[in-house]
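S.K.: Next come the chains, spelled out residue by residue.
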Amino acid sequence: MRASAKWLAATGLLVAMVLAVGTAAADDRPEDLFGTAATALGHGEYAAAIDAFEALADQGFVHPDASYDRGLAYVMRYRAHADRAGDLGRAAAAFEEALLLRPGDHDADVALDLVRAEVTRRRARHTRDSIDVRPTLDRVVIGLASEETWGFAALAMSLALALGMVLRPRGGRAHIAGSILVPTAIVGLLVLSPLAFRARALRLSTRSGVVIAGEVRLTDDQGRALGGEPVPEAASVEVGERRGALAHVRWGSFEGWVPAADVRVLGAP
Amino acid sequence: MIRGGPWLGFAGAAVASFAVAGGALAASPPRLSVQASATQVEVGEPFTVELRAMVQQGDPQPANADINPPRDLNVVGSSESSQVIVDQTSGRASVQVGLRAVWQLVAQRPGRFTIPAPTVQWTSRRLSGTPVTIEVVAASGKPHRRQGSNPFLMPGGPGFNLPFPFPGGSQGEEPSSEPHAVPELALPSAPDASIFVTTRVDKKSVVVGQQVSFSIHVYRRIRPPQIVSNHDAPLTDFLRVQLAKNPGTDQPVYAMVGGTRYVAELIDQMAIFPLHAGDLHTGQVRFTFLGGTLRTPTERASEDQIIHVTEPPRAGRPAGYTLGDVGQFTLTAAVEPRRIEQGGEVAVSLRLAGTGNLPQSLRVPERTGVEWLEPEKKESIEPQGGVVGGWRTFGYVVRVKESGSIDLGEVTLPFWDPAAGRYQVARAVLGKVEVKPTMPALDPVTRRPVDAAEPDPFVTLPGARAALGAYAPPRRPLLDGSMMWLFIAAPPLLVGAFSMSAGAARRARARRESAKDSPAVLVQKALADADRAEASGDGKALAAALERALHLAIEGATGLKSRGVLVADLPEELAARGLPAALGDAIASAFGACDTVRFDPEPDPSMIRDLAARVRAAVADLGQRKAA
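Protein sequence lines, in the order shown, are assigned to chains A and B.
When we follow my numbering, the leftmost residue of the first sequence carries the number 1, and every step to the right adds one.
When we follow my numbering, the leftmost residue of the second sequence carries the number 1001, and every step to the right adds one.
Don't read these hints as lab results, they were simulated from the structure.
Some hints could be false.
SDA-like, lysine to any residue: derived pairs with alpha carbons at most 25 Å apart [said to hold, decoys possible]:
hint, chain 1, residue 1, chain 2, residue 2
1, B, Lys1377, B, Val1397
2, B, Lys1432, A, Ala85
3, B, Lys1432, B, Gly1278
4, B, Lys1401, A, Arg243
5, B, Lys1401, A, Ala82
6, B, Lys1377, A, Pro103
7, B, Lys1432, B, Ala1541
8, B, Lys1204, A, Arg243
9, B, Lys1378, A, Arg84
10, B, Lys1245, B, Lys1432
11, B, Lys1432, A, Ala80
12, B, Lys1377, A, Ala85
13, B, Lys1561, B, Ala1541
14, B, Lys1401, A, Ala85
Derived, one-sided and incomplete: chain B residues facing chain A with beta-carbon distance under 7 Å [as the list claims (entries may be wrong)]:
hint, residue
15, Val1459
16, Pro1462
17, Pro1491
Glycine included, C-beta positions come from ideal geometry on N, C-alpha and C.
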């Protein structure tokens, strides 16, 4: 009798432990955390929603809908006049992230425009001119196509060069074709290979980011102000090396160091 | 000028020059504050004047603090330290940097003295703080009180509240009671035989926000000297809290250092909380001693302690966890009243108690229609048994703009419990508030609500997504890294390699073809023919083959086509081409013998063998000549 009671207790304990572990595991699932966050957002509980969406991002969960809703939570806090410094920047970062993950996301595009317009309107209220920054020529050229496109174009040139090398020693039309192909392909390779190389180096060494402070001033790596215009909130920047509490950013043609906490690096796909 | 040694001036000048170079014109000047530790002191009683000069991070930093007290007030000690203040109350970090200079003064006679404003160098200017007035009364003979210290301060807060001079230093004698030996303070070796400074930390590996006890000891084997200047450990990456209530007043103890007994004095002890992850340096503590048996100012520096700081684990991290919230906390709440009118306010009082790094702010359950105003904070935090703890209250006014039964939700504080090694969540449920609806006040003219909201710029904002939609992460690039460069480089390299190897094969074939007709090969062929002829006993064929071998060997060795040369002239021609006369003669003789054999119907076999041997020897000799 006593032995069967012990067995019963042990079995019950085991079942309870399995259930507890199962529940804990279920709570830890990103999909469940997203559900919690989305429900809080639906009820207007933006603080709880922000906490949950940020926890989701901390877990490394990357999904355009999670990023989009996170942006909405920050906008909701701004609309409730309970905003903290940088909320619009954080919202813009979330929408940028959603667009990075799903480039055709129309809602994220609209929301991002609204946030940036509000930032501009708010700056105008403080008589700050809007600043127009243009990317440097290298970024413009590299940005014309994807890294993979540059790579395939360089590969095509490489094949053309090989074909030219085969044809050139032959006689007649083959020789003419080879004589044209070889120099053309060499020039193409000399142009396209560096572009492919640079595009890859940029992908590996930099990340997209958004300024999440009211505005940040660029400094040198010792923290000394560089002068020039401050980078406004919600501005997209290219984030490079990180050194201590500073991060190297490039904003248009301006580059320098800013506090790393003032820039949100977007989640990579 | 601060008595801190020449490096201070140099450092100040360097900082100033950097500031000028950094475009100081655009920067805001430092915020100066001057504070005296007392407004009334006795003659001979030490007091301090403190100057703080803070600027926003990135602006040029102030340096070279200076004070010029009246003649009857003597500066008996000074310290200067850098300061970093991180303010996170507004939701984002605001970092201020600067310097803090403390002068210890002693009045020589009673009276009312005004100390002119201490000054500090900033860019090319010298800025002044505010003057300080001190009332000095006659000495009462009572022991001098020590200055208290705020127990909870941001990084770079007050440095060591050291007594000047060193305890017992003025008398030049050991404390009255016999110090006892403390084995925990034993060290394997002494960096200096007479006096040195050392620092200790109780943990070398912690998480962000976890308390580390940092203590400073002076070890000495000499009579107690005075500390004429001290420089705090920078501790820029830490938040510090004073643990020692009266630093520098602890009874000295004995400690064994490398087998030698030293007097060890605890100069200061503080709790430090790392602000971020990494291998964080405490920096050096430096003292300058004078007196005792030290005839000249003697500087000693402690070691730079390195603490390995990590973040608490990501796995199992609760939503809303703020890095640095480490300790053991409880949270309680009180909400009053529970019934209000729409637009009215309730008071929410949250009390956070426990030990560790008590958070400066709480995350409240904000939601649409419920406005949480900035809280009023009260706190009582002090070390208890070497652990920082106490309580902090947050008094919120919460304005409710909606009507009905409004659930205020619950306040949660997730924290990392280092003792349990896991996350915990302190919770306080706020409950519901009954809100009676009211009509909005209308403007009598426009008949519109008086406090109508501003137009919403986000009115066209798309809605939220209740569920995760389909999303496929982008595929990895087909060509990436070294594979891409391999593919790009391969085609021309392969074609090039193929054509080069084909060319090489062609050349090798040509070489082989040309080698077939070389004199050396033909000589060997002729000698082989000679062997066959000799074996068959064909004298004519033998002579012809030997003759051919000789001609070819001569051609190979000298380039001379000897068939067109008379045998009589041959030795001379060969000598002209560098061959020894004996060899030329031997060759000519061999040619003669060949003619003899060719035209002899029955040649002597021994003659044939002799001829073959001579020709072979000549050919071999010619072959060597060529090689040479």
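S.K.: The structure should be examined with respect to each hint, and the outcome stated for every one.
M.R.: Going through the hints against the structure:
no. : hint                     : result
1   : B:Lys1377 with B:Val1397 : 12 Å, holds
2   : B:Lys1432 with A:Ala85   : 30 Å, violated
3   : B:Lys1432 with B:Gly1278 : 44 Å, violated
4   : B:Lys1401 with A:Arg243  : 46 Å, violated
5   : B:Lys1401 with A:Ala82   : 13 Å, holds
6   : B:Lys1377 with A:Pro103  : 46 Å, violated
7   : B:Lys1432 with B:Ala1541 : 131 Å, violated
8   : B:Lys1204 with A:Arg243  : 23 Å, holds
9   : B:Lys1378 with A:Arg84   : 22 Å, holds
10  : B:Lys1245 with B:Lys1432 : 45 Å, violated
11  : B:Lys1432 with A:Ala80   : 20 Å, holds
12  : B:Lys1377 with A:Ala85   : 21 Å, holds
13  : B:Lys1561 with B:Ala1541 : 21 Å, holds
14  : B:Lys1401 with A:Ala85   : 23 Å, holds
15  : Val1459                  : 9 Å, violated
16  : Pro1462                  : 4 Å, holds
17  : Pro1491                  : 3 Å, holds
Checked against the numbered hints given earlier, this structure breaks hints 2, 3, 4, 6, 7, 10 and 15; the rest are met.
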